[in-house]
Structure formats: structure tokens, C-alpha cells
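Student: Work out the full structure, taking the sequences as your base and the hints as a guide.
Heads up: the sequence lines are chains E and P, in that order.
Quick note on the numbering used here: the first sequence kicks off at 1 and runs consecutively.
Quick note on the numbering used here: the second sequence kicks off at 1 and runs consecutively.
It should be emphasised that the hints constitute simulated quantities derived from the structure, not laboratory data.
Computed from a predicted model, the values in this text were never measured in an experiment.
Take the hints with a grain of salt, since some may be wrong.
[What the hints assert, rightly or not] One side only, chain E facing chain P, incomplete, derived with CB under 8 Å: (1) Ala9; (2) Gly14; (3) Arg40; (4) Phe68; (5) Ile71; (6) Gly73.
Beta carbons are placed, not taken as given, at the ideal position from N, Cα and C, and that holds for glycine.
Listed below are the residues making up each chain.
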Amino acid sequence: MQVQVKLFAFFREGRFKEEGRELTDNTIVGQVVDDLDIDREEVGVLMINSRHCQFDTVLRDNDILAIFPVIGGG
Amino acid sequence: MPEKIFRVNMTDLSTSIEAVPDDWAGLGGRGLTSTIVAAEVPPTCHPLGPNNKIVFAPGLLSGTAAANSGRISCGAKSPLTGTIKEANAGGTSAQIMAKMGCKALIIEGQHQDDSWYSLRLTSDGATIEKEEELIGKGNFAVVETLAQRLSESTGLMSIGQAGEMQMAAANISIKDPDGHLRSCGRGGLGAVMGSKKIKFISLDAGEGKVEIADMEKFRAANKTFAKALVDHPVSQALGTYGTNVLVNIINEAGGLPTRNFTNGQFEGHEQISGETMHDLIVERGGKPRHNCHRGCVINCSQIYNDTAGKFKTSGFEYESIWAMGADCAVDNLDQIAEMDHILDDIGIDTIETAVAFGVAMEGGVLNFGDSDEMIRILIDEVAKGTPLGRIIGSGAGNVGKTYGVTRVPVVKNQAIPAYDPRAIKGIGITYATSTQGADHTMGYTIATEILNVGGAADPLSKKGQVELSRNLQIATAAIDSTGMCLFIAFAALDDATCLPALIDMINARFGINLTADDVTNLGMSILKTEHNFNLAAGFTNKDDRLPEFFELESLPPHNVLWDFSGEEIDTFWDF
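Tutor: Here it is as C-alpha cells:
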């Protein structure tokens with residue numbers, strides 16, 4: 001299945017802003033994070049299709065996964 | 001030196017120094033400005049008339065070595081909202097004021113001639129001087145001229161043309177350590193200063209120092225506190241990308257108000273994002289990190305240069321960039337920086353003015369995305385006080401009335417900031433119930449709803465949002481009294497050592513024994529003082545509501561409405 005992955009802030013360094021990835025069915029979000037060599041401890045927010053999700057959320061075909069480090073502002 | 005109250009009466013141009021009443025001794029910052037305004041200002045008075053007062057107060061820890069303690073609070077009855085108002089900012093003034101032993105400056109009355117004045121604050125009190133040279137000038141000219149006339153290190157709080165003309169969105173600029181500007185931004189406090197005919201206030205503490213009752217305890221607590229701030233990952237991201245790191249995440253969550261609150265996502269988000277801003281700053285030899293006051297360990301400000309590598313703006317914030325950007329459909333960061341600079345110079349709130357532009361665009365005054373016309377209007381109309389300039393400079397609600405627009409994002413006539421309450425519901429409770437009109441900083445539920453800081457809450461669900469907003473509004477009122485920057489809250493929400501260390505510092509500074517419960521009670525009592533002022537000014541629970549269009553027009557991409565009932569909102573005040 002095809003999943004669009006978006007990275008933000010310093011997670012982009014040495015990686016990418018946005019990339020389509022071919023994944024096997026039932027891949028979980030945490031697997032994508034691990035495959036990108038992103039430390040789970042550094043992850044602040046995960047969203048699929050603009051809704052918050054968890055490391056163990058199962059991805060579906062054509063999902064858009066956004067991975068953010070811990071950030072804040074206001 | 002013992003703390004004093006400086007009082008300035010503009011009616012008869014007299015000044016006095018008063019002892020601090022016992023009731024005010026344990027207060028600082030917002031707690032003190034709101035207490036003084038509630039005690040001395042008739043709630044039904046005209047905000048620009050002789051009975052309103054404008055009060056400045058450093059926080060409880062300002063002027064000490066406490067990390068991030070340099071916020072100055074300014075309070076009055078607001079000409080924009082008609083409610084009580086406190087706006088706080090960084091810069092050097094809070095620290096200088098605290099070091100001269102001035103616990104609060106109260107400016108009252110109104111002089112019955114056309115002259116303009118300035119105030120000079122030193123350890124000996126306030127003096128009033130006539131001012132002619134700088135009248136009609138922008139804030140940057142004020143800073144430059146006074147650096148020559150007085151000294152580079154003089155503290156400075158000033159108004160630009162907007163404040164002189166008493167526009168309801170006018171702010172008060174506070175000089176930072178590098179001569180750039182921070183703003184007591186919201187609610188038109190610059191207009192109140194203008195109504196007192198005071199162009200600027202200069203501050204010099206001489207050799208003054210803040211006394212610490214128990215220095216050893218203070219130092220130890222400050223070390224723990226600063227470490228908690230520095231170690232928190234949010235602080236690190238703020239130092240790299242500034243607050244503008246939020247553009248992309250709020251857009252991704254579908255809550256970035258776009259084209260006058262008609263969409264929750266902006267196609268140009270990447271061009272105005274914190275990531276893009278960081279790269280441009282580095283490429284042009286600016287500074288991604290900059291402190292707005294000495295002792296800040298977060299450094300969320302920055303120096304943003306133009307394409308020629310020349311200084312353009314600093315303190316280039318998410319809210320400002322969102323408002324001039326997504327809300328007005330402008331995707332050019334340099335145009336936004338140009339406007340940010342002009343707004344600082346004129347001395348007018350970036351959020352209120354840009355949201356007013358968004359409403360004006362809807363009303364057909366100019367086109368969405370036309371940043372050239374926005375810049376022209378700022379320079380040719382707002383700064384000069386033409387009728388159109390005054391309409392825009394009096395805020396989003398005023399523009400909506402003038403041009404017959406129904407989609408007007410204001411609460412208590414103050415523009416709603418950078419989070420759409422349909423898609424991020426907790427912040428809607430803060431907008432509705434805040435004692436000061438729509439203001440995200442009053443109870444920043446975004447931390448929990450979007451950023452997963454201090455727990456998590458589903459932004460599309462109503463569950464737990466009233467309680468979340470209440471708890472944060474109480475905590476914020478207390479933090480705003482310490483002189484601390486609100487960004488300590490990210491560490492305070494997640495790191496168990498942070499808040500106790502802050503309380504230890506207050507105790508060591510004054511030789512007292514506050515507990516965490518005392519601090520919560522302080523926050524509650526400030527909110528109630530402010531709320532009671534508003535009730536006496538004529539506000540009711542029916543004013544604690546969002547504009548109707550949020551209930552009628554669903555917001556893409558989640559296609560959601562604002563669905564809190566009035567009864568649900570009113571439970572906010574059950575404490």
C-alpha cells in the first residue's frame with residue numbers, strides 16, 4: 001500500500017519534507033518512525049489524515065502520516 | 001531598596017511616591033495591575049477618559065537573576081473590549097523598574113490642553129516633561145532619538161502614531177536589550193497611554209538592585225528552574241524555529257484559520273512556516289535565536305534580515321505571521337516581515353490589525369493575498385490616520401460593522417488569534433470565557449489539544465475542554481503575576497521540578513512560605529477580580545459566546561462546527 005509521509009522541523013534534516021512510501025499492509029506508525037531512524041523519544045506528535053494517532057496505530061492505503069518532534073509556541 | 005508605588009496625575013501634572021498597601025504586597029505583574037484597576041477605575045468609565053488609569057508593574061521575580069523573569073505587565077480598562085485588560089511583554093523595562101524599587105506605576109487623570117508629555121522613572125520617582133520633537137513619530141525614531149538624548153541602556157516604553165491617535169488596536173512598545181521592540185500588544189493599551197498624552201516613559205535604575213531575602217536558597221532554586229527550562233524539548237525547538245514552528249502543525253491539524261476563517265488549512269503554509277523562516281534567517285546572516293530580555297534561556301525571538309542581509313524585524317511571531325499570512329492569504333514571508341516592521345513602528349497590534357485586514361478583504365476593501373495594498377494602507381492610511389486607516393486601526397469588529405461583514409472573528413470585540421475554535425475546541429472555551437476578549441495566551445489549551453504537552457485532549461471533542469481551559473487560565477493568571485514568560489509553562493506542565501523551583505524562588509526572594517495551593521488560589525482570585533470588574537462594567541454570561549458564524553459555517557477539512565451550548569460554557573465559572 002502507498003502512504004504519504006511528512007516530516008517537520010529538525011526531523012527533515014538529512015531526510016525529506018514529504019515522500020510517498022510503499023508499505024506492506026497493516027504496517028503500524030511506529031514502524032515507519034523506526035525505519036526513518038527517528039528516536040521515538042523525540043517524537044512529540046503523530047497525525048494520520050490530520051487526526052492525532054499513536055505509534056501502534058495501523059496505517060491504511062493512501063493515508064497521510066505527519067511526524068513532528070516535541071514543539072511548542074503560541 | 002523598599003518597594004514603592006509611583007503615581008502620576010496628568011490632570012494637575014503632579015507625581016507622588018506611596019508606600020505599598022498591605023493588600024498589594026504579595027502581588028506583582030498581572031495580579032497587581034488587575035487589582036489596582038479593579039480598586040481604582042470605575043468599571044463603567046470611558047476607557048479614553050479621565051477616569052481610566054493605566055498601570056505598569058514588573059512581576060514578583062523581575063529584576064532578579066531568575067531565568068525568564070523579565071515580563072512587564074500593563075493594565076487598564078480596554079478601549080477595544082470595554083473589559084479589564086492586562087498585556088505583558090519582554091524587553092528591559094520590567095527589570096529596570098524592579099531594580100529602582102517601583103512595584104507599580106499608576107498613571108491617572110487627563111490634562112486639558114493639547115501638549116504631549118513624557119515620563120522619566122528613576123529610583124527617586126517619576127518626573128513629567130513636555131515632549132515636542134517626537135510627536136507624530138514612529139517607535140523606531142523614538143528609540144533612536146532617545147538613545148542619543150538619554151543613553152543606549154535607558155529602558156523605554158512608547159507609543160507610535162496609532163497610540164497618539166487613540167486607535168483601539170494601538171499597542172505599547174517595550175525596548176529590548178538590542179534596541180528592538182517587544183509589544184504589550186492586545187486590547188488597545190497604547191490608546192489609553194495616548195489618551196493620557198504620554199508619548200514615552202524612560203526608565204533608569206542607576207545602581208538599584210532587587211533585594212533577595214535568602215540568596216542561597218534563591219540561587220539553588222533558580223538553578224533547578226533554569227535546568228528544567230533548558231532541558232525541555234519545546235524550549236529547544238523554540239530557540240531554533242521560534243513560535244512560528246506552529247504554522248505547519250496547526251495547518252496539519254486543520255485548525256489554521258485561513259482567508260478570514262473560511263478554511264482550516266492554507267495552501268501556502270510551507271512558505272510562511274518556521275522551517276522556511278529558519279532557513280532564510282541562516283542564509284541571510286540573521287540570528288535564529290535572540291533573547292527579548294536578559295536572563296531568558298529559551299530565546300524564541302530572532303533577527304530576520306531582508307534579501308540584502310539588512311535587519312528587517314525581530315520577535316517575528318507565529319500569531320503575527322499567521323494573521324498577515326494565512327488569514328489574509330499572503331504566502332510571502334518577506335512581505336509579512338515588512339508589515340511586521342511597519343506595525344511595530346506605527347505601534348499597533350499585529351493580530352488585531354491583520355485580522356481586521358482579513359475582514360476588510362471579505363468586505364471588498366482589498367483582495368485576499370494583496371500584500372502590496374496592505375503595506376500601502378498601513379503606510380498611507382493607518383500611520384496617517386485617514387478614515388480608512390482609523391477604521392482598520394480600530395480593529396476587526398469595527399471593520400465588520402463598517403463594511404457589513406457577518407463573518408467577524410472577535411469575542412468581546414477582540415480578534416480571535418491563530419487557532420480555529422471549531423477544529424480546536426478547548427481554545428474556543430478560552431476565547432469565550434477569557435476576562436479580556438479572545439486571547440489564546442489566557443489559557444493555552446493548544447499545548448494539550450495539539451502538542452501533547454501536559455497530557456492529551458482530542459481537539460475535535462468537547463470532552464474535558466472546559467476544565468482544561470479553566471485550569472490553564474488559573475495557572476496562567478498566577479504565572480503572569482511572577483514576571484515569568486508564559487513559555488515556562490511547557491516545562492512546568494511536564495517537569496515535576498519546575499513549578500516547585502519557581503515557588504521556592506518567590507519564597508526566597510521575599511522570605512515567605514507560599515505553597516502550590518497558595519499559587520493556585522492567587523490565580524483564581526485574579527480571575528475573579530477581573531471577572532467582577534467586567535460584570536460591574538455591564539458584561540453578562542451572554543458575552544461569553546463565540547460569533548454566530550462558527551455555529552453556522554462548517555470548517556474544512558474536518559467540516560466541523562462550534563457546538564458548545566451557552567450552559568456548557570457558563571460552567572467555566574463554577575469555581
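Student: Hint by hint, note whether the structure agrees.
Tutor: Verification of the hints:
1. Ala9: 6 Å, holds
2. Gly14: Violated - the Cβ of Gly14 of chain E stays beyond 8 Å from chain P, reaching only about 14 Å at its closest.
3. Arg40: 13 Å, violated
4. Phe68: Holds, about 6 Å.
5. Ile71: Holds, about 4 Å.
6. Gly73: 3 Å, holds
The structure fails to meet hints 2, 3 from the earlier list, while all remaining hints are met.
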